[in-house]
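Participant: Start from chain A and add chain B according to the hints.
Residue numbers (our numbering), protein chains in the order written: chain A, 291 to 403; chain B, 50 to 163.
Read the hints as simulated data drawn from the structure, not as lab findings.
Please note that the accuracy of each hint is not assured.
Here are the computed lysine-lysine pairs in the DSS-like style, where the Cα-Cα straight-line distance is at most 25 Å [what the hints assert, rightly or not]:
id	chain 1	residue 1	chain 2	residue 2
1	B	K107	A	K291
2	B	K118	B	K98
3	A	K347	B	K98
4	B	K107	B	K117
5	B	K107	B	K118
6	A	K291	B	K98
7	B	K117	B	K98
Which chain A residues stay away from chain B? Per the calculated CB distances, all over 12 Å, these [as the list claims (entries may be wrong)]:
id	residue
8	L301
9	S317
10	S376
Virtual Cβ for every residue (Gly too), placed ideally from N, Cα, C.
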Amino acid sequence: KAGVTQTPRYLIKTRGQQVTLSCSPISGHRSVSWYQQTPGQGLQFLFEYFSETQRNKGNFPGRFSGRQFSNSRSEMNVSTLELGDSALYLCASTGGTGQSPLHFGNGTRLTVT
Amino acid sequence: AQSVTQLGSHVSVSEGALVLLRCNYSSSVPPYLFWYVQYPNQGLQLLLKYTSAATLVKGINGFEAEFKKSETSFHLTKPSAHMSDAAEYFCAVSEGGATNKLIFGTGTLLAVQP
Numbered sequence: 291k292a293g294v295t296q297t298p299r300y301l302i303k304t305r306g307q308q309v310t311l312s313c314s315p316i317s318g319h320r321s322v323s324w325y326q327q328t329p330g331q332g333l334q335f336l337f338e339y340f341s342e343t344q345r346n347k348g349n350f351p352g353r354f355s356g357r358q359f360s361n362s363r364s365e366m367n368v369s370t371l372e373l374g375d376s377a378l379y380l381c382a383s384t385g386g387t388g389q390s391p392l393h394f395g396n397g398t399r400l401t402v403t
Numbered sequence: 050a051q052s053v054t055q056l057g058s059h060v061s062v063s064e065g066a067l068v069l070l071r072c073n074y075s076s077s078v079p080p081y082l083f084w085y086v087q088y089p090n091q092g093l094q095l096l097l098k099y100t101s102a103a104t105l106v107k108g109i110n111g112f113e114a115e116f117k118k119s120e121t122s123f124h125l126t127k128p129s130a131h132m133s134d135a136a137e138y139f140c141a142v143s144e145g146g147a148t149n150k151l152i153f154g155t156g157t158l159l160a161v162q163p
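Bound conformation, chain B alone:
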């Protein structure tokens, strides 16, 4: 069965510093992986997705993620944090087959310090 693990429920960085949010997946089939962001009192917004094309995926707002099959990882990075990046970030894997069910990680709350 598919699953994702996000290491670190809270991450704090300084403005301008590197952002690294970790995600490891478990999947019995080639996975479709996603990163979503959630701002307070809002739904989830897609940051980027991996669908077996390029292993380095670029998303919105300067975020990118690298798919590493050998490490079963899909970590999210951003070279320079901005105050507006403060939000909760979710990694998700598609269950696969004829369904759109996503299995989400527990989320990482990113704080950006001035």
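With the rest of the complex left out, here is chain A:
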């Protein structure tokens, strides 16, 4: 089975621009979550989608948004980029709830200049 695939692996953007990151979950997994990883804040939960509906949301500004398609693929969008948005963005999928482990992709490294 193919793992979680995130594209692109690396992105460089300028302040004020917007960016869209993509995630393809493991086949059959209907839950997709997004995390932001930075040296200062560690791993922080952004949001979770299940069957095209946002099921949970972290404490991030409205500039961060996401969506999930009928094939479970997910995208996250960050508008009006700030320098502090530079981070590794990780996507994870799972086929269950709670006790089912998350399967992570290799992430998208976003650099905002």
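Facilitator: Chain B alone, transformed into the frame defined by chain A:
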């Protein structure tokens, strides 16, 4: 609210020595606990999970962890460190309910000296 605390942001051991990475949790419900490992420029890989079955959980690569409710701990151990174990290790607790949200500790960077 659930939380995890990892004591020691950096741990250094010699090759062949015992690895002990500490994790304490706080949870208002019986917790689901996880250990993940992250190698440079990669995502997180599941090492093991505790879901209230056995208190001693065996994972991949020779790692294991023991759930101790009285100490609210879930420490990760490996009897003999290998150079390939050098990585960052994260303890996490599930928020619970109808969600897959994980709350992560701040991570422990493990260095293995030859």
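Participant: Compare the structure with each hint and give your call.
Facilitator: Status of the hints after comparison with the structure:
no.: 1; hint: K107(B) to K291(A); result: 24 Å, holds
no.: 2; hint: K118(B) to K98(B); result: 15 Å, holds
no.: 3; hint: K347(A) to K98(B); result: 24 Å, holds
no.: 4; hint: K107(B) to K117(B); result: 15 Å, holds
no.: 5; hint: K107(B) to K118(B); result: 17 Å, holds
no.: 6; hint: K291(A) to K98(B); result: 21 Å, holds
no.: 7; hint: K117(B) to K98(B); result: 14 Å, holds
no.: 8; hint: L301; result: 14 Å, holds
no.: 9; hint: S317; result: 17 Å, holds
no.: 10; hint: S376; result: 15 Å, holds
Checked against the numbered hints listed earlier, the structure breaks none of them; every hint is satisfied.
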